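On the provided structure of chain A, position chain B as indicated by the hints.
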Amino acid sequence: MVNLIWVFMTVIGIVFAMFNGTMDEVNKAIFSGAKEAVTICIGLISVLVFWLGMMKIAEEAGLLKKFTALFRPLVTKLFPEVPKNHPAMGYILSNMMANLFGLGNAATPLGIKAMEELKKLNGGKSTASNSMITFLALNTSSVTLIPTTVIAIRMNYHSASPTDIVGPTLIATIFSAIAGISIDRFFYYRRLKKGG
Amino acid sequence: MEFVSLISLWMIPSLIGFILLYGTYKRVPTYESFVEGGKEGISIAFSIIPFLIGMLVAISVFRASGALEYFMGFLKPFLDFVGVPSEVAPLAIIRPISGNAALGMTSDLIATYGPDSYIGRLAATIQGSTDTTLYVLTVYFGAVGIRKMGDALKVGLLADLVGFIVAIVVVTLFFGK
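Residue numbers (numbering that gives the first Met the number 0), protein chains in the order written: chain A, 0 to 195; chain B, 0 to 176.
So here's chain A without its partners, still in its complex pose (with noise of 0.2 Å):
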């Protein structure tokens, strides 16, 4: 499916361009493309190493295994996959807090993490597991308490009450973490029905 989006987005786009006369602009949409991705990636560099090696503290201390403990009743339903002390269980709930409190970027490191662990626990395929899926669609739901970046563009532009968009956000990013989770679960028992 993902090569099947990417040859058409980069095809269609190509044999748009030669209709629409804006093949200059593909031009220059190919490599700035390429450099964005690595910019972003450059940028993820001091992100991930102060937080993986942050993390790791917390998990030689034991710190993760008794935050996982705590909310745990939370998360194994939505895991039944994953076993109940793995570590896998620790970065998925620590990446949902800071996901929670807005904190991006830790929560893309942990994810990460978690993401390893998942491969793991799937015998190191590069198949996606139903546990993956599931955390994805946590992950791109993303409930926030505070969204920050769009309190700044809301100051920028002097609203009267940059803030008061946190209630009705707040809202909107749990009915979708609920929905997501719920097609999750659609999709997952029609996968297991096919065996899969």
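Read the hints as simulated data drawn from the structure, not as lab findings. There may be inaccurate statements among the hints.
Here's a subset of chain A near chain B, in silico, CB distances under 7 Å, partners left out [what the hints assert, rightly or not]: (1) Ala16; (2) Val25; (3) Ile29; (4) Val48; (5) Leu62; (6) Phe100; (7) Ser140; (8) Pro146; (9) Ile170; (10) Phe174; (11) Ile182; (12) Phe186; (13) Tyr188.
If you're wondering where the values come from, they're calculated on a predicted model, not measured in any experiment. In this text, a Cβ means the ideal position worked out from N, Cα and C, and glycines have one as well.
Frame of chain A, contents of chain B only:
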């Protein structure tokens, strides 16, 4: 609200302080563990590069050629039907695809219609309540070398759609049109 911003200001430094103190108390070689854990971050960041370049080039080409705008025209009647106002319809379409483009569009909508207008608030809520699904999938699956994404993309996009509809309903209920 000042209380909330105070909390978010204190959160990261307190968390770091707590981890370091607790680590010391548990006799963890803190600095060495930090360096060891951090090393992993470098290889992860580099391993994401090809995935992200592939995805972002395709998105940029699709956008720059004008194809995105054209396809939006097809999706618009559907979005109109579920009640997405035509001003924010492009934002709803771009939000799961490109985070930067969506942020730009949100700023633009807020600048044009004003931060306290219906459209301005709706754009802010849509921007804040969902994440860039395609980016999240690319980074997370890319970092650990997952090539078959299964149903993940479908699930993510459908959840986004529900999020947009809820955002519209909630903003209308909270602030009126």
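How the hints compare with the structure:
At a threshold of 7 Å, the smallest CB-CB gap from Ala16 (chain A) to chain B is about 4 Å, leaving the interface hint in force. Against a cut-off of 7 Å between C-beta atoms, the interface hint on Val25 (chain A) holds, since the closest Cβ of chain B lies about 5 Å away. A cut of 7 Å between beta carbons decides the hint on Ile29 (chain A): the least distance to chain B is about 6 Å, and the hint holds. The beta carbon of Val48 (chain A) comes within 4 Å of a beta carbon in chain B, closer than 7 Å, and the hint placing it at the interface holds.
Hint status for Leu62 (chain A): holds, given a least beta-carbon distance of 6 Å to chain B, under 7 Å. Given hint, Phe100 (chain A) at the interface with chain B, holds; its Cβ is 6 Å from that chain's nearest Cβ, closer than 7 Å. About 5 Å separates the beta-carbon of Ser140 (chain A) from the nearest beta-carbon of chain B, less than 7 Å, and the hint is met. With a least beta-carbon distance of about 3 Å to chain B, the hint placing Pro146 (chain A) at the interface is held under the 7 Å criterion.
The criterion of a C-beta within 7 Å of any C-beta in chain B is met by Ile170 (chain A), whose closest approach is roughly 5 Å, and the hint holds. Interface restraint check for Phe174 (chain A): the shortest CB-CB distance to chain B comes to about 4 Å, inside 7 Å, so the restraint holds. Evaluation of the Ile182 (chain A) hint against chain B yields a held restraint, the C-beta minimum of about 5 Å falling below 7 Å. Because the beta carbon of Phe186 (chain A) sits about 4 Å from the nearest beta carbon in chain B, less than 7 Å, this interface hint is met.
Interface restraint check: Tyr188 (chain A) against chain B, minimum CB-CB distance 11 Å, threshold 7 Å, status violated.
When each numbered hint is compared with the structure, a violation occurs for hint 13 only.
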